[in-house]
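Peer 1: Sequence:
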Amino acid sequence: MTATRRCLLLGAAALPLAARRAAAHAGHDHGEEDAAAPASAAPRVTASSEAFELVGLLGPDGALTLWLDRFADNAPVDGATILVGLDGQEIGEARRVAEAVYALRHEALARPGTHDLTFTVTAGGEMDLLAGTLAVPEPTAPAAAPHGLLETVREQPVLLGIGAGLLALGALLGRLAAPRPLPPMAEPEPAPARAPGAGEAPPLRRAAGPLRCLALLVLLAPGLALAQGMEAPRRLPDGSVFVPKPSQRLLGIRTVIAETGEATPTTRLVGRVVPDPNATGRVQPSQAGRIEPGEAGLPALGQRVEQGQVLAWVAPIYSAAERGQLQQGAAELDAQITIAEARVARLARLQGSVADREIQDARTELQGLRQRRAALNPVIAGREALRAPVAGVVSAVAAAVGQVVDARETVFEVVDPARLWVEAVAFDPATAFGPIAGATATGPAGERLALDFVGRGLALRQQAVPLNFRIAAPPAGLAVGAPVTVTVEAGARRVQGIVLPAAALVRPAEGAPVVFEHAAPERFIPRQVRTEPLDASRVLVAAGLEPGARVVVQAAGLVAQVR
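Going letter by letter, the sequence shown gives residues 1 to 563 in the UniProt record's numbering.
Worth flagging that the hints you see were computed from the coordinates, not collected in a lab.
Don't take every hint at face value.
Claimed, not checked - Label-pair restraints from in silico Cβ distances:
| hint | residue 1 | residue 2 | range |
| --- | --- | --- | --- |
| 1 | A396 | P429 | 15 to 21 Å |
| 2 | P277 | E306 | 50 to 56 Å |
| 3 | A482 | L460 | 44 to 50 Å |
| 4 | A476 | P429 | 35 to 41 Å |
| 5 | A476 | H106 | 51 to 57 Å |
| 6 | P293 | S537 | 17 to 23 Å |
| 7 | D238 | R493 | 36 to 42 Å |
| 8 | E90 | G438 | 53 to 59 Å |
| 9 | A315 | A473 | 56 to 62 Å |
As the structure is a prediction and not an experimental result, all values here were calculated from the model.
Even for Gly, the Cβ is constructed at its ideal location relative to N, Cα and C.
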């Protein structure tokens with residue numbers, strides 16, 4: 001039998017043992033357990049007041065571990081002083097062992113029975129007295145070991161006979177079904193003498209067998225470790241969720257106390273981010289030409305530019321006939337300018353003999369000829385500068401060195417990222433033309449954007465009215481054209497209910513939205529609620545939740561996933 005087969009047989013023999021050990025894992029039901037079993041079998045004490053909430057767990061070594069949190073928001077309280085009293089007598093001060101975790105060891109804590117504990121908590125400028133009860137059970141006798149395979153065979157020897165018969169039958173069928181070798185077509189050659197050690201496996205291969213066995217045992221070790229019965233979050237038979245304090249710290253669960261208030265109903269609209277028309281510009285040449293780079297080259301995407309900065313040059317392009325006509329016109333203008341200058345000089349020498357009006361007309365004609373010649377110079381040999389119309393960031397580049405562009409073709413686009421708008425569309429006439437008290441938007445990454453209403457359009461766009469909003473403080477990285485969800489507070493109607501963050505709402509597979517009430521220090525109850533959206537980050541609970549309840553507002557989705 002090879003080493004691999006031996007390992008497989010070893011694994012097959014060990015799997016039932018691992019399965020039996022894993023059956024004791026907390027949170028699983030592998031037997032006739034009591035449906036009303038407590039959330040945890042470990043002795044624990046809970047105490048709470050208007051300021052603090054405390055959970056204590058008595059370990060097998062007699063050490064009492066304490067977790068101290070704020071009652072309202074479930075935030076850990078670190079650096080506190082906790083004096084512990086047992087049955088009216090102070091037994092010591094719990095020392096800090098981790099962040100917001102304290103521990104106290106005393107032999108009286110491990111005595112069986114019911115103990116009244118008091119905790120004097122001092123945190124900062126606050127002091128409070130908490131009281132709780134610790135029930136330590138009597139030590140139980142060790143349970144009888146379950147019957148193993150040998151005991152079962154001894155009690156029922158017929159099973160051994162049935163198993164042996166099935167094994168013999170399987171071996172016989174396998175022997176009959178095995179392929180039979182055919183006689184060789186030629187006389188086989190005698191096998192050469194084998195060198196000493198030639199048939200032995202190399203040392204590395206011989207060592208592979210024990211290594212496989214070791215790896216198999218390592219894989220089985222987690223199943224054996226489950227027998228330790230460590231506490232884990234789990235859903236209880238009544239539908240509530242048990243989450244021990246260490247798990248609450250890992251998940252970062254936070255709560256708020258539900259309070260009744262007034263809010264304005266809202267409407268959600270679909271929108272997108274657009275640039276502010278007063279802070280965006282397009283760079284277009286006025287005539288066809290060839291792109292030439294500026295002193296620093298062509299601008300790149302995302303580059304910051306200032307208003308009036310030269311982004312590129314456009315050199316006009318002409319055919320040979322057009323250039324000849326331009327040069328001919330320039331030569332004629334030069335000749336006319338020379339004649340006009342001579343005429344003005346001659347009339348200036350005759351001033352007093354000729355009318356001043358004639359001298360003034362000659363000078364005016366000379367000035368006009370010079371202006372015509374100056375306007376012709378850039379057309380012949382000059383370049384057109386493409387300048388940034390506004391200060392901002394280059395958002396689009398459609399140019400390359402030597403590229404020929406037409407007149408009014410967009411070469412660059414500049415957008416100021418600090419001045420962005422949101423354009424939304426409203427199909428409901430009440431929202432489109434009614435008063436807007438306020439608005440917020442939810443960005444692509446879930447960020448909340450505060451909006452200021454700018455105006456509405458009168459022309460319908462796909463049977464909807466466009467609404468423009470100004471983003472008060474655009475976050476970094478918000479792109480033009482990004483889709484957003486706009487929440488508009490329309491009208492002056494006020495409704496009453498409990499206002500909660502949108503993160504507190506969880507939609508399970510059943511469909512009805514729920515929130516989790518922090519009913520006990522380590523127990524969370526799902527409550528089905530009826531809600532209305534308020535804005536991008538808040539919802540209004542109209543029914544299903546009582547004021548004063550502690551509601552999970554952070555990590556509620558993680559609590560809902562506990563099974």
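Peer 1: Tell me, which hint numbers fail for this structure?
Peer 2: 1, 2, 3, 6, 9
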